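Undergrad: Since the structure of chain A is provided, determine the placement of chain B on it from the hints.
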Amino acid sequence: MIDNWLPALYLLASAGFILAIKWMNSPATARRGVFAGEIGMLLAVVGTLLRQEVVDYQWIMIAFFVGSAIGVPLAYMMPMTAVPQRTAFSHACGALAAALIGTAEYYRHTPHGFIMCALVLETILGFLTCTASLMAFGKLQEILPTRPMTFKGQNIFNFILFGCTALTGLLLAISPEQFWLFPVLIVLSLLSGTLLILPIGGADMPTVIALLDSYAGLSAAAMGFALDNKLLIVAGALDGASGFILSVIMCRAMNRSFANVLFGAFGQIQTKGHTEQRNVRSASPEDAASILDSARSVIVIPGYGMAVAQAQHKLRELFDALTKRDIEVRFAIHPVAGRMPGHMNVLLAEADIPYDKLFEMDDINPDFPVTDVALVIGANDVVNPAARNDKNSPIAGMPILEADKARTVMVIKRSMNPGFAGIDNDLYYQENTLMLFGDAKAFVASIVKELGATVHSASA
Amino acid sequence: MKSYEFGLFVFMLSAFLGFELIRRVSPLLHTPLMSLTNAISAIAVVGAILITGSKDATLLSRSLGFVAVVASTINVVSGYLITDRMLKMFKKRDGRK
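Those protein sequences? They're chains A and B, same order as listed. Under the numbering used here, the letters of the first sequence match residues 13 to 472, in that order. Under the numbering used here, the letters of the second sequence match residues 5 to 101, in that order.
None of these hints come from the bench; they were simulated from the model. Not one of these hints is a red herring.
As a list, the in silico BS3-like pairs of lysine-lysine whose alpha-carbon atoms are at most 30 Å apart:
id	chain 1	residue 1	chain 2	residue 2
1	B	95	A	453
2	B	96	A	417
3	A	34	A	369
4	B	96	A	369
5	B	96	A	34
6	B	95	A	336
7	B	95	A	461
8	A	242	B	6
9	A	461	B	96
Stretches of chain A that chain B covers, calculated by requiring three or more beta carbons in the stretch to come under 8 Å of a beta carbon on chain B:
id	segment
10	33-47
11	114-123
Every value quoted in this text rests on a predicted model; they were computed, and no experiment measured them. Glycine is no exception: its CB is placed at the ideal position from the N, C-alpha and C atoms.
Only chain A is shown next, with the shape it has when bound in the complex:
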């Protein structure tokens, strides 16, 4: 009975997923999108549970319960700074599910031809993405060192490993009866995933997370082919496309290619020739407050350091204090600010900063020359003019926020240590730049306090 209705349910579910992504195009409709996605998922799951092949519910229900018991706290307890970790963990779960289903299908039916090809692809991508995502999780959570881990001949070793994995997959696709090959394929895929992420540094995580998103989606799509289920193909293709586009955007924002991100081992300290002492001008919170007070327009450039210092709520207070004085405050968000695509926007939104004050790089760059103060908090490489001026710089050609063109630049920074790319920043030595040394949160707090004090003296 339900089997007649099933195609209709799956069709509706696909429509729900497509609408969900369509409505994500604006914050006004995005929550409706989530709802559409939930309905789609509900229809698909209920429809599947009622299918004739499904006779044993006990384990399914226990699994639902266990999954929800882990999933609900995961969604509500995670601080917004940890969203990249959660996403990486979630990619690992999704990929693991796909890989295990592939394995189970193999031992149950041992299919041939096209279905076996899809199944092999599903298993490789699934296991590979699973360990790769766990490695990414470890690096983001800082259980593993965030610096790239390299060894001699790493790239050659990796290529041989990936080659072996692909070859084993090919052999299995040709002759599925070689049962001993399947465990070999599993081990090789797991190893490939681990080694793929080993040489990747913290600053490249946005690209890598997006790429793993794409892989997880593709393995779900491959599962759709293996199980002959169109709904899985649609959902997997959407996820694969989304991850792919996001990783392309991330690569472009760093002016690098996929190959360079995956095999370049970027982020190692570059030993640069000139280390001569250059002068910087530093300023106190009082100076900073009075400069901000007399400004008419301010652009804040937050980077990951801001989030590490948990300064976003203090930043909101600063935003309020300045806005109250009719100073125009805007935020310039570089695409790779944060640890995953769009991360910085979420962090600022959490601190109640209105999203119409958050601007993308291309929209705000023309405004820097007419801006009184550019306030850089915890960002480094994304405001380094060397990307534009110095052809030999490792970040040459990377699109940057042109903070250096503002009338006054203020940089809140703990010390003069270089950022992830390990290169010096000319911005700090400009004549119109003031360095504000200190912890981002404490420094912003003292600026806010100073601003509050001047209000009192003015009204008294």
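TA: Just chain B now, with coordinates in the frame of chain A:
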């Protein structure tokens, strides 16, 4: 037309549709977008249910299926909930002050 040919058409069209739709998503929402697509691809739960609940499931396939249902349920539940939690934070300037 064979079933897999049909599947390939579906895949190609969905991928193009995905590209077009996602290009229109504002970078503002890229993080929620990723957790949403993550939840959507947890539709793998369908395959996991079929394996875990089937009549002829062996101990191996049932155990693998069980873990797969757990893993995808985690994604479905936490994916949708955290996406909504993030989206609730995106506000225009409102009556807060």
